[in-house]
Amino acid sequence: MKNQTIFSFIIALIFGLGLALSGMTNRENVIGFLDFFGNWKPALALVMGFGILAAAGFFHYSKQLMKPINGSDFPILPTKIDAKLIVGAAIFGIGWGIGGICPGPAIVLLAIAPSKIVLFIVAMAIGGLLTDFVTKLNLARAKPINALNNI
Amino acid sequence: MDSELQQALIFAAIGGVFIGAASGAFYLFQGKIAGISGILFDTATQPKTWRFAFLLGLVLAGVIFAAAFPNQIAELKISNFEILVSGLLIGVGTRLANGCTSGHGISGLARFAPRSIAAVGVFMLAAIITVFIKLHGFAA
Numbered sequence: 002m003k004n005q006t007i008f009s010f011i012i013a014l015i016f017g018l019g020l021a022l023s024g025m026t027n028r029e030n031v032i033g034f035l036d037f038f039g040n041w042k043p044a045l046a047l048v049m050g051f052g053i054l055a056a057a058g059f060f061h062y063s064k065q066l067m068k069p070i071n072g073s074d075f076p077i078l079p080t081k082i083d084a085k086l087i088v089g090a091a092i093f094g095i096g097w098g099i100g101g102i103c104p105g106p107a108i109v110l111l112a113i114a115p116s117k118i119v120l121f122i123v124a125m126a127i128g129g130l131l132t133d134f135v136t137k138l139n140l141a142r143a144k145p146i147n148a149l150n151n152i
Numbered sequence: 377m378d379s380e381l382q383q384a385l386i387f388a389a390i391g392g393v394f395i396g397a398a399s400g401a402f403y404l405f406q407g408k409i410a411g412i413s414g415i416l417f418d419t420a421t422q423p424k425t426w427r428f429a430f431l432l433g434l435v436l437a438g439v440i441f442a443a444a445f446p447n448q449i450a451e452l453k454i455s456n457f458e459i460l461v462s463g464l465l466i467g468v469g470t471r472l473a474n475g476c477t478s479g480h481g482i483s484g485l486a487r488f489a490p491r492s493i494a495a496v497g498v499f500m501l502a503a504i505i506t507v508f509i510k511l512h513g514f515a516a
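As given, the protein sequences belong to chains A and B, one line each in that order. The opening residue of the first sequence carries number 2 in my numbering; numbering runs sequentially from there. The opening residue of the second sequence carries number 377 in my numbering; numbering runs sequentially from there.
Hints in this document: simulated from the structure, not taken from any laboratory. Take the hints with a grain of salt, since some may be wrong.
[Claimed, not checked] Pair ranges (Cβ atoms, derived): (1) B:Ala-443 - A:Phe-38: 36 to 46 Å; (2) A:Val-135 - B:Ile-386: 40 to 50 Å; (3) B:Ile-386 - A:Ala-84: 35 to 45 Å; (4) A:Ile-77 - B:His-512: 39 to 49 Å; (5) A:Ser-73 - B:Asn-447: 39 to 49 Å; (6) B:Glu-458 - A:Trp-41: 15 to 25 Å; (7) A:Pro-76 - B:Pro-423: 12 to 22 Å; (8) A:Gly-58 - B:Val-439: 39 to 49 Å; (9) A:Gly-39 - B:Glu-458: 14 to 24 Å; (10) A:Ile-77 - B:Thr-421: 17 to 27 Å.
In this text, a Cβ means the ideal position worked out from N, Cα and C, and glycines have one as well.
Take the sequences, apply the hints, and build the full model.
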């Protein structure tokens, strides 16, 4: 498992440098990109564009493999497009629009602007835990057949 | 095209290739999705060494970048109230949607997952509307 730890660290280092180089860690830049109907700054569109292009080859090749080159299994990822996904994405978008920082850049900025970022991460954790709590509550309350539908 | 925009475009493209290649390699070699909201949350609820290593790598990337380009680090000019509200909403939203700009926006789109295409469309639209209201109000 030691290799897995080192590999994760190197991947994150490259990922984080990419976020910083691209301008995703500069919130004014992000807000400028999201200001589509105002003084639009288009540069960040290339982050997603080139990011997807660079990643697509790896994902395509992985489809021909039974298991990851250095791991045990490929994950089974959810495929359902439901209200939870849409409402969650909308809430995430509103939060991102208010702050201009998404989770990756927040971690990259942790050592650079610790006071603000710690606040941000604590708020995120509370939001996530609260969501899990309410989701479980709803599942417990729902009739068994509904609970099955929610899985 | 002015040189400032040109430079921003070049850096955005290079940064995008870094992010995409890292995400793709993480999946191909380890079978893991480089989704930062998920990794961050799971570090708190299911701590594992590789998750800590991943977060440490991100933090170190910031330190290296700040040392290499000290004048490129903009101060976070945001109020504590705004950052709290933003963080809370992002925490709820990414937990419900199972991902953010990285997991859905890069890995999800790169593997053409319809679920991620839907998520990215919705969060981009919501973010653009939020910024519009914030900067230009309803009167604009």
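Inset, instruction - Enumerate the violated hints, using their earlier numbering and listing them in ascending order. - result: Violated hint: only 8; rest satisfied.
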